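Put together the whole structure using the sequences plus the hints.
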Amino acid sequence: MVPTSYYLVLSAVLFGLGVVAFVFKRNIITIFMSIELMLNAVNLAFVAFSRALGQLQGQVFVFFVIVVAAAEAAVGLAIIIVIARNRGTLDVERVDSLKH
Amino acid sequence: MPVLTYLWILPLLPLLGAAVNGIFGRSWNKSIVSAVSLSSTTLAFIAAVELVREFMALPADQIPWTRTYFPWISAGGFRADFALQVDQLTVVMLLVVTGVGWLIHIYSTGYMHDDPGYYRFFSYLNLFMFFMLLLVLAANYLVMFVGWEGVGLCSYLLIGFFFLKQSATNAGNKAFWVNRIGDFGFILGVLLIFRTFGTLDFATVLPKAAAMPAEPVGQSGVLTTIALLLFVGAAGKSAQLPLYVWLPDAMEGPTPVSALIHAATMVTAGVYMVARSHAIFLNAPFAMQVVAFVGCVTALFAATIGLVQTDIKKVLAYSTVSQLGYMFLACGVGAFSAGVFHLMTHAFFKGLLFLAAGSVIHAMGGEQDMRKMGGLRKKIPWTFWTMLMATLAIAGTPGFSGFFSKDEILLAAQRVNTPLWALGVLTAGLTSFYMFRLLFLTFFGAQRFDEHHVHVHESPRSMLMPLVVLAILAVGGGWMAAPLLWGKANYFAEFLSPIFVANQEAPAAAAESAGGAGLLQALLGAPVIAGLVGFFFAWWFYIRSPETPRKLAASLAALYKLLYGKYFIDELYAAAIVRPLVWISDNILWHVVDEGVIDGTVNGVARVSRESGDRLRQASTGNIRTYAAWILMGVVVFTSLLLWMVG
Amino acid sequence: MQQTFILTVLTFLPVAGTLALLLLRSDDHLWIRRLALITAVAEFAISLLLLRGFEAGATGYQFEEFRAWIPQPPIHYHLGVDGLSLFLVLLTTLLTPLSILASWKSIDQRAKGFFISLLVLETGVIGVFVSLDLFLFFLFWEVMLIPMYFLIGIWGHERRIYAALKFVLYTMFGSILMLVAILWLYRITATAGYPTFDVAQIQMMLSNGTLTMPLRTEMLLFGAFFLAFAIKVPLFPLHTWLPDAHTEAPTAGSVMLAGVLLKMGTYGMLRFCLPLFPEASRRFAPEIAVLAIIGIIYGALVAMVQVDLKRLVAYSSVSHLGFVVLGIFAFHAISIQGAVYQMLSHGISTGALFLGVGMLYDRRHTHLIKEFGGLATPMPVIAALYLFACFASAGLPMLNGFVGEFLILAGTFQKHAAWASWAALGVIFSAVYLLWSYQRVFFGSITQDKNGALPDADWRERGILFLMAAVILWMGIGSTFITRRTEAATQTIMQLMQRPRAYDAGGSNNMDHPAMPVNGANAAASGGVANLVNSK
Amino acid sequence: MTPQIAVFLVLAAMAVAGAVNLILQRHPIHSALSLIVVMVALAGLYLLQGAEFIAAVQIIVYGGAIMVLFVFVIMLLNAGEEERTNLSRMARYVGVPLGVVFLLEVAYWIGRATSHMAQSSPQAVSTRELSTLLFREYVFPFELTSFLILIAILGALVLARREDSD
Amino acid sequence: MLPPLQDLYRIAPEIVLGAFGMLVMFLAPIIPKSRHGVLSAISLVGAALALAATRFTALYPGAAYSGLFRADAFSLFVHLIVIGVAFLAILGSTNYLKREDLDAGEFCALILFATAGMGVMAGAQELLTGFIGLEMSSIASYILASYRREAPKSNEAAMKYFLLGSFATAFFLYGIALVYGATGTTHLDLMGQAGAQTSATLLKMGLGLIFVGLAFKVAAAPFQLWTPDVYEGAPAPVTAMLSTGPKAAAFALALRILANVDAAGPLWFWALWAVAVMSMFAGNLGAIVQTNLKRMLAYSSIAHAGYILVALAAAAATDHPEAGIAAALFYLVSYALVKLGAFLIVAHLGGVGERNVEIEDFTGLARRQPAMAACLSLFLLSLLGLPVLAGFLGKFYVFNAALESNLIWLAILLALNSVIGAYYYLRVMVAMYMREPSKPIATEPVPWTLAVVLWITAAGTIYAGLFPTRIIGFAAKAAVNMR
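Residue numbers (this note's numbering), protein chains in the order written: chain A, 16 to 115; chain B, 43 to 689; chain C, 44 to 579; chain D, 235 to 400; chain E, 242 to 724.
Heads up, a few of these hints could be off.
[Unchecked claim] One side only, chain A facing chain E, incomplete, derived with CB under 8 Å:
1. 37
2. 43
3. 70
4. 73
5. 83
6. 86
7. 87
8. 90
9. 94
10. 101
[To be verified] Derived DSS-like pairs: lysine-lysine, alpha-carbon spacing no greater than 27 Å straight-line:
11. B/603 / B/414
12. B/593 / B/356
13. B/356 / B/421
14. B/72 / B/207
15. B/414 / B/593
16. C/413 / B/207
17. A/114 / E/680
18. B/356 / B/207
19. A/114 / E/394
20. C/148 / C/493
Just so you know, these hints were derived from the structure itself, not from any lab. All values derive from a computational prediction rather than experimental measurement. All C-beta atoms, glycine included, are put in the ideal place defined by N, C-alpha and C.
Quick look at the structure:
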């Protein structure tokens with residue numbers, strides 16, 4: 016039997032790596048991918064809790080999260096395309112005309 | 043008893059004159075203005091005379107005769123009515139004020155005839171009469187203060203009458219400011235009176251004060267404090283050390299003003315006030331000593347300055363300061379009636395001196411420097427003769443009014459304090475010297491002016507008439523107090539005796555020492571001798587050998603310079619008080635404290651806010667990774683806090 | 044009590060006037076002025092009715108109006124005047140038409156906005172003086188800032204924007220803390236079981252011991268209220284907004300500012316600080332008195348060296364208001380009466396000074412003393428009346444300034460001779476700065492050609508100045524007309540000051556007799572919201 | 235060590251390695267591929283826990299749809315290697331260390347807090363039960379997700395549309 | 242098995258909004274662009290009907306859909322705010338869309354969908370439902386922010402909003418997962434009862450992360466940095482909507498959690514306190530130095546979030562959170578009215594391409610367009626908290642709540658911040674009234690649609706300031722019936 020805490024620690028690690036990736040990466044798409052990584056980590060936690068609690072709800076939540084992720088992906092990638100079109104760069108640090 | 047019943051008429055008459063002239067006079071021609079002004083003062087004088095007549099008929103229990111008109115200030119247990127009262131002291135003052143005032147009004151019609159501010163002058167003069175009458179008629183300290191400040195106001199207005207002249211307006215300001223310093227004391231004194239007695243009415247305060255035990259010297263009691271505070275006020279108004287500085291400058295005003303306000307009436311208000319408050323002073327021996335000392339020193343001090351002044355009016359001004367010192371000396375030694383008596387005679391002869399000086403100046407076309415006069419005796423005989431009478435009077439020539447009043451003061455002083463007496467005598471000699479110096483320089487010797495430029499002429503009759511009347515008074519005015527010398531009643535003192543009833547030690551002492559009549563004579567002789575000596579020196583210096591003064595001045599250069607520079611008191615005040623105060627106010631208080639510290643703090647807060655806002659917005663770099671880092675920081679801090687701290 | 048509406052009318056008539064003004068075309072300056080003047084004069088006339096109906100000597104508030112407004116927290120539309128506020132209202136209604144007259148010609152830009160601001164300002168100020176509900180009071184207190192902000196900021200002089208912002212921010216800083224204190228006070232009343240913002244009611248509850256608060260609380264509350272008022276007064280060292288605001292404001296603004304707005308601070312101290320927080324007032328009194336005395340002397344000294352005439356008058360206000368604060372915190376019936384009187388007389392005499400300065404400004408477009416000199420020759424009437432105002436301000440007896448100053452000194456001297464003695468120094472300095480500036484402006488020969496041909500006062504200006512002079516003289520002589528009517532209010536304040544110390548335990552046995560019918564009186568402190576819901 | 239744990243460890247190592255690789259790779263396409271590795275590993279973990287349906291969805295939707303979209307966009311935009319800009323000192327010196335701190339902290343606390351949690355045996359959850367739950371109890375959010383998709387479509391429509399389309 | 246009909250009544254506004262959103266969406270390609278006004282009109286009808294539909298929720302209060310959603314006075318109140326905002330935003334933006342040559346159809350549809358999402362947040366009684374609502378409104382907002390798609394600033398705003406929003410959402414979601422793990426449920430009411438199986442650590446961390454997600458949404462410091470950029474870059478009418486509706490909805494969700502989950506109050510209190518203070522200072526101090534009016538208003542909304550958070554802190558600090566909740570709700574109303582009006586004015590006066598949104602460009606506005614200047618002044622003064630206007634009463638109630646919970650320091654800090662705030666609001670008025678314009682700016686006539694919106698918001702601001710009785714009474718009722 017794999018203890019629940021293993022899953023959860025893994026989920027925490029993946030979430031944390033997602034966070035690090037968000038701050039560390041510069042390409043907008045990669046940053047967006049790090050968000051997907053974080054969402055995946057959350058999903059893992061939901062499933063683990065779901066199993067630990069002996070409930071099904073957690074899995075339903077995962078379903079919803081995936082849908083949300085899909086919707087976000089559609090919109091996010093559209094925004095990225097527009098940015099790339101208008102600015103010709105995907106480096107997030109070059110998209111900083113709004114400041115101070 | 044029309045006037046006593048309608049007492050308000052007396053001050054109201056000049057007020058009406060002032061108001062009418064002030065409002066309409068600008069467009070009227072001068073004859074109407076002078077008619078209004080003269081008629082109001084004439085009527086006031088007539089009313090005053092009538093009042094005296096009625097007053098004499100009053101039974102003793104109706105004195106003081108008090109009339110309360112309306113509550114003036116009334117709040118929270120404090121009450122001061124607009125009330126007037128008449129008693130013997132008031133009567134004396136009334137006559138002096140209205141009489142001399144009337145004469146000077148007449149004189150002014152001639153003197154001011156060519157001035158464009160004619161209406162203004164008479165309006166102010168009448169207003170002054172109003173306030174002066176209020177001052178002497180007041181039934182409580184607050185109404186007295188109204189008059190007190192009012193005459194100060196008029197003094198300010200009249201000194202600065204020639205407002206195009208910088209020096210005149212400076213002098214006006216100085217007069218008002220120095221008087222305000224005095225008023226500071228006066229007001230505090232009044233406040234302390236109220237605190238002590240719960241009222242400001244003379245009728246209540248003075249008997250209560252008289253009933254209080256005398257406070258020994260060296261132990262500061264409430265009465266002493268009151269008396270000293272009041273005396274500060276008196277010193278301001280009556281130009282005593284150290285507040286005398288305004289009076290010489292006040293000569294910037296037209297000469298009739300100098301005569302009326304700065305010689306005869308207003309400056310004596312301090313003396314009047316001290317005399318009025320004698321009940322307080324008598325129970326405050328320390329204050330009495332202070333008054334006497336200050337009076338005596340002022341008398342001497344001003345006289346020394348008067349020795350060397352060359353401006354005819356300045357000499358008279360310092361003389362006035364000196365004579366006022368005599369009056370305070372009298373009050374300080376308890377001889378209030380003598381003080382008041384000298385006040386009255388001084389009003390006559392000093393008024394006359396000023397008017398005569400005005401006549402001289404008038405004749406000289408505005409020249410005031412005695413070094414540019416000389417030999418005027420023949421050209422303006424009326425002026426000369428009247429002025430001679432006045433000089434004789436002030437010098438203390440036996441038989442003239444000044445003799446009686448001054449000797450009475452010195453006599454009283456001798457009884458209390460011999461050094462004061464000695465100083466008084468010395469002053470008498472100096473007085474005689476500078477007055478005769480003035481007379482000699484002006485009327486005798488060679489003409490030191492260019493007759494082609496200056497057309498010397500005698501003054502018009504409107505100016506001469508007052509001179510003559512005052513000359514008569516200056517000569518004969520002293521006799522009503524005279525008989526003491528010959529063992530008979532002193533009418534004047536007797537008349538005032540109901541007022542100064544608490545002050546019977548002086549006559550009692552006189553009776554005690556009646557045995558030593560010879561000594562008395564000798565003492566009385568001393569001032570006369572001093573006067574003669576003064577006369578002699580003046581004669582020697584200015585008639586006999588006119589070179590002497592210059593030599594003497596050269597040999598005693600330092601002293602001469604000190605005296606000629608009036609001991610540099612003005613300069614001292616300027617350097618020690620005025621300029622530091624202005625400098626501190628300007629550079630420290632305004633620019634450093636106000637603009638630097640306080641506003642600096644306020645603006646500093648604004649700047650700090652702006653700058654921290656600027657810092658804060660620097661956090662907003664536009665770089666999304668930065669934002670993410672901030673969010674992360676928030677997350678870590680909050681989760682850590684929640685996990686480690688809370689719960 | 045007979046229900047009247049006079050105070051409501053009085054408060055909102057100017058606003059009604061502004062609505063009428065809004066209908067006019069904005070370039071129709073003549074009718075804009077006329078309408079504004081008519082409104083203000085009508086207002087003054089109504090305020091005279093107030094004076095006529097006022098019962099001298101009666102304690103409590105008169106012409107009271109009481110209506111529920113906001114149920115939760117219970118806020119009432121409660122108006123009323125007593126002797127304290129009566130004359131402040133009259134002062135306001137008197138100065139407003141004069142300000143309008145003074146602006147008759149000098150405001151030729153955006154006149155509509157100007158007169159609207161002025162009238163709204165009048166509403167705000169009157170509202171402050173007649174409000175008996177803390178919330179309502181605060182409301183008017185804040186509302187009045189904006190028209191003043193506009194008056195300074197739009198029609199002011201060179202540094203007007205700085206001055207306007209400074210004025211508003213300074214005031215707001217104090218008043219927002221007062222709002223916190225007001226609410227805190229409300230919490231205390233709610234805890235006691237009678238939640239209310241009503242001043243009269245709180246006073247009553249405090250005096251009969253229904254309401255108690257710990258001393259620390261009292262002191263904090265006092266501090267918050269006092270700070271707001273002290274800034275408004277302004278008390279040293281919170282005064283630096285005043286010279287800027289005065290200097291930069293147009294004449295009417297300065298007149299209203301000095302004439303009535305500053306009085307709101309001292310009024311607040313009398314109405315709130317003393318009766319609501321007597322013990323704290325007593326404890327802080329020495330410090331406050333020292334500040335007041337510093338203000339008196341400091342203001343005078345700084346005024347002395349000013350080069351700008353308006354700034355000079357502004358600093359003189361610091362000095363004069365120092366007297367008022369001193370009088371208030373001497374806690375003596377005489378000095379408080381004096382303070383009330385001084386508030387009024389300062390309004391008149393400083394108003395007159397500002398009107399005079401404004402007339403000079405209209406002619407020369409400067410306030411700098413050195414630009415003037417010798418003006419008495421071309422304009423004797425203005426010179427004479429300005430001098431009159433100077434002397435009134437310097438406290439010459441028989442003019443208005445003396446009565447107040449003397450009463451303050453007299454009352455203060457009864458208790459604290461030293462305070463009064465220091466304060467009396469101000470009497471000297473006031474003469475110095477006023478006469479010195481007068482000399483430099485009006486006396487001497489004309490030094491600048493431009494000044495030689497300046498016209499003297501026209502009929503409008505003469506009217507204004509003579510009216511002010513008449514009031515000055517009347518207030519100097521007939522002071523009892525006013526003091527008779529302010530006496531009862533002063534006594535009330537003194538009585539409220541005397542109340543048993545509320546935090547002496549055992550004072551709260553009067554619960555059976557609540558002071559007044561309270562709306563929702565039994566609403567519990569924290570269940571107030573729930574209570575409201577249930578009542579719906 | 236039970237086989238499950240061994241499988242877990244392998245999959246976990248895969249996931250972590252993928253995540254780390256995502257960070258380390260400079261070309262977005264490599265990062266995307268790393269992310270796919272993570273997802274696949276996670277799908278395995280779901281299976282390990284008996285969440286078969288979720289595992290399937292994970293592969294189909296995430297790996298199949300979303301990540302393909304990513305790759306497609308990367309290709310479309312011709313995204314090259316990540317530039318080595320480092321304009322945000324805040325992110326570099328504060329953000330990244332904080333991220334690591336956050337990782338450790340959360341992992342530590344969660345590990346500690348859940349160590350006692352009951353270990354239910356993996357029982358395959360029937361899709362029927364799951365759908366009953368989804369369409370009965372959670373029908374409301376389910377319907378809402380349809381709006382979500384609608385919004386996403388609308389967004390893609392609005393944003394990615396060329397200007398000259400109309 | 243269909244859910245009972247009442248459940249449909251309880252979500253009637255969402256149904257109406259969704260239906261009209263779809264209707265507009267489908268009509269958009271059909272109707273030629275020149276007549277897109279029709280779409281706005283239809284959307285307005287939709288919003289109006291949704292407002293009307295709230296009546297159903299009032300008639301059938303209670304939980305719907307197995308307790309995931311709850312129709313009560315609170316959700317009604319928030320619904321009225323967000324739908325009202327939508328209505329006014331659509332009405333106020335019609336002319337803007339025409340001017341900027343943007344499609345009205347999608348715009349309106351997105352606003353309606355977003356509003357539906359906010360409505361869900363307002364009524365959510367379960368975290369995941371709330372999350373879905375949040376995502377609906379967020380994703381729609383991301384798109385709207387980028388609606389001027391050829392404007393680089395607009396794209397940039399959208400990108401920042403999107404990436405950071407998703408980042409924060411991930412935290413929020415992780416928080417939900419942890420709370421779920423800790424309590425075994427995501428139902429707020431059940432969570433409140435859950436005691437035994439609660440794992441303190443997980444709950445704490447979970448609630449902490451949920452807090453972060455919500456704090457991001459309401460633009461509270463230190464999660465606020467996106468706000469100025471997004472508000473500046475997004476089209477002004479969108480900013481008007483963004484700064485009001487989603488904020489209200491996020492606060493609603495926070496309040497729900499606060500009121501229902503007993504553990505949340507004590508856990509959140511210090512966080513709320515600190516975040517409130519930081520937001521007030523960050524917003525106000527940052528706003529002082531702004532030269533761009535849009536950006537300044539963005540900073541000001543950070544500060545106002547801080548003020549509302551004071552009310553939340555007051556609610557968290559006591560067992561009787563009613564006063565705090567009521568204060569927050571009232572404040573939201575007053576704030577929404579004002580911010581909406583202000584941003585719409587900026588949208589209009591900014592001119593084509595929003596080029597004139599520097600404060601400098603507003604100089605002399607009082608001469609050019611006195612009515613607009615007066616209106617903007619009114620809004621600014623309300624934001625400043627001047628009596629007689631709604632903003633003052635909002636602050637008043639917040640103060641009251643803070644003092645009721647004995648948060649004196651917080652009240653004082655709030656007071657100080659009001660003064661700092663006054664400075665920059667007045668500075669705008671300085672520009673409008675007291676300065677001469679530096680460059681000539683063409684005056685555009687005010688379209689009637691905008692005029693209507695401004696009339697409504699201005700009148701509302703004054704009404705709420707003078708006669709708050711009904712609103713505060715309603716808010717109080719909402720606060721009481723929350724659990």
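Hints, one by one, checked against the model:
1. 37: This interface hint holds because 6 Å falls under the 8 Å limit.
2. 43: Given a least distance of 7 Å, the restraint on residue 43 of chain A holds.
3. 70: Hint holds; residue 70 of chain A Cβ to chain E Cβ min 7 Å, cut 8 Å.
4. 73: 7 Å, holds
5. 83: Status holds, d = 5 Å.
6. 86: Given a least distance of 6 Å, the restraint on residue 86 of chain A holds.
7. 87: 6 Å, holds
8. 90: The hint holds - residue 90 of chain A has a Cβ within 8 Å of chain E, the shortest such distance being about 5 Å.
9. 94: 5 Å, holds
10. 101: Hint on residue 101 of chain A: holds, closest Cβ of chain E at ~5 Å, below 8 Å.
11. B/603 / B/414: Cα-Cα ~20 Å, so holds.
12. B/593 / B/356: 23 Å, holds
13. B/356 / B/421: Since the Cα atoms of residue 356 of chain B and residue 421 of chain B sit roughly 23 Å apart, the hinted pair holds (cutoff 27 Å).
14. B/72 / B/207: This hinted pair holds, its Cα atoms lying about 23 Å apart.
15. B/414 / B/593: Holds, at roughly 19 Å.
16. C/413 / B/207: Holds, at about 17 Å.
17. A/114 / E/680: Holds, at roughly 25 Å.
18. B/356 / B/207: 18 Å, holds
19. A/114 / E/394: 11 Å, holds
20. C/148 / C/493: At roughly 20 Å apart (the allowed maximum being 27 Å), residue 493 of chain C and residue 148 of chain C satisfy the hint.
Every hint, counting from the list given before, is met by this structure.
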